[in-house]
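Protein chains: 2
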Amino acid sequence: MEKIKEYRMPYQLAYFDCDYTGHLSIEMMLMLMILASEKQNESLGFGLDETQKLGGGWVILDYEGHLNGELPKDREQITVGTRIKAYNRFFVVREFWLDNAAGKRVAEVSGLFTFMDLQKRKMAPIPAEIMAPYQQAATIRLPRPQSPDKVTPDEKWSSKQYRARYADIDSNGHVNNARYVEWLLDTLPAGFLKDHRLTAFRLNYRREVRPRSLVTSLLGPLMSNGDQLTSQHVIQIDGKTHACASFEWQKIQ
Amino acid sequence: MEKIKEYRMPYQLAYFDCDYTGHLSIEMMLMLMILASEKQNESLGFGLDETQKLGGGWVILDYEGHLNGELPKDREQITVGTRIKAYNRFFVVREFWLDNAAGKRVAEVSGLFTFMDLQKRKMAPIPAEIMAPYQQAATIRLPRPQSPDKVTPDEKWSSKQYRARYADIDSNGHVNNARYVEWLLDTLPAGFLKDHRLTAFRLNYRREVRPRSLVTSLLGPLMSNGDQLTSQHVIQIDGKTHACASFEWQKIQ
Chain A
1 MEKIKEYRMP YQLAYFDCDY TGHLSIEMML MLMILASEKQ NESLGFGLDE
51 TQKLGGGWVI LDYEGHLNGE LPKDREQITV GTRIKAYNRF FVVREFWLDN
101 AAGKRVAEVS GLFTFMDLQK RKMAPIPAEI MAPYQQAATI RLPRPQSPDK
151 VTPDEKWSSK QYRARYADID SNGHVNNARY VEWLLDTLPA GFLKDHRLTA
201 FRLNYRREVR PRSLVTSLLG PLMSNGDQLT SQHVIQIDGK THACASFEWQ
251 KIQ
Chain B
1 MEKIKEYRMP YQLAYFDCDY TGHLSIEMML MLMILASEKQ NESLGFGLDE
51 TQKLGGGWVI LDYEGHLNGE LPKDREQITV GTRIKAYNRF FVVREFWLDN
101 AAGKRVAEVS GLFTFMDLQK RKMAPIPAEI MAPYQQAATI RLPRPQSPDK
151 VTPDEKWSSK QYRARYADID SNGHVNNARY VEWLLDTLPA GFLKDHRLTA
201 FRLNYRREVR PRSLVTSLLG PLMSNGDQLT SQHVIQIDGK THACASFEWQ
251 KIQ
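Protein chains in written order, with UniProt numbering: chain A, 1 to 253; chain B, 1 to 253.
Don't take every hint at face value.
Heads up, the list lumps identical chains together, so a pair's fine if it works in one copy or across two of them.
To be verified - Within a straight-line C-alpha distance of at most 27 Å, the following computed DSS-like cross-link-like pairs (lysine-lysine) qualify:
no.	residue 1	residue 2
1	K53	K73
2	K85	K150
3	K3	K122
4	K39	K150
5	K104	K39
6	K104	K156
7	K120	K3
8	K120	K160
9	K85	K194
10	K251	K85
11	K194	K122
12	K156	K85
13	K160	K240
14	K150	K73
15	K156	K73
16	K240	K73
Source of the hints: derived by calculation from the structure; they are not laboratory data.
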């Protein structure tokens, strides 16, 4: 059987990676996972520069994540890992994981990526030379991350508006995907965020958010199922959905 | 002569440390400098935990910074340095610097810090045991960072409003100081930010910004003096000034 290439990135958390509770934020967790994937690509000869020379770049479409207890804390030495789970001509499914200082696996995330032609701003076939160093066979069926629940915002939903800040924009000229998490979480009451821990998330990206856009972050009524609470989220601009998410929560004992 | 203890922190920039131009953002530069100062305190036995046990924490009052050309780029290996320039019973002046991968000093920043009693939320004398490991003598006069220009916003100023996001809050329960830079820069036109390079900044912090506050970021008319442009900034909440800043800019040739 082929050996799947894994990449492990040791990292020491700093205060700016953490939220107000002093634990790694979901936003920075996703940022670090993407960094690990870039480093793996780079280690195999197809870093950002080489990929851009081929006229393209990676775009995230979906995340599905599962958290196992507390996320690591400020100054903790963690390991972020990644590998390609499967791919075909247009899509890559990557697995990510995060081990805390004690070696416990505290997060597992699966991400669906596509390849974008940077000139045409359209999906393009993944250049074969990028995948070759992984020495993995392509597959027809992909183990896609689970999508957020299908929901339609109505008058029971609440919303908040945010202006995309200059600092939200990354070198691709749009709001970095991980920044959406700030808008998603910010709609939840502060008391709720204090008393509950995220246990799972599904995030779907549909359209980019351009500089200075006025973003509406919508929150549906919380749904409970035993111990588990689910929050539904939609990010809109001018009534168009740019992203949506389902978050699972558990009350902190 | 006494030997001033310096601390040097090697760091590799990641994409999330950089702004849309792919260079280190001012916000992250300040975050990294504070991280270096925390690491120096920690290396001398008074890290965050030990300092909190003494009932207090460091608070930044002023920054004065000078930039020498381009800031380093994504994936560049940099060194962030710091040392205590002078201190007395209530204040510490710290020097920070940033060397790029080629060893060129691209930023020099001076910061004025005070010590806060975390229970009374008031300034307190700096505990002697924190300063002892630095083996530096206290001084009466302090080489304080230069303050921003004294300005009063009027009808010629423009403004933008921002809601402090959940993600802006740090473990001290208020908006992290470096995050103010996002509100300050965001008032400037995108075209201006693209065509100009920051060469110097003076930043003064007066009041903290609490979660969910509605922040007004005010921008005065640009003033030119030969090649040099100066922008004046005030951050207000409910008409009260929480911070102000003067930024010097040069047109990129």
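Output the indices of the hints that this structure fails to meet, ascending.
Hints 3, 4, 6, 7, 8, 9, 10, 12, 14, 15, 16 contradicted; others consistent.
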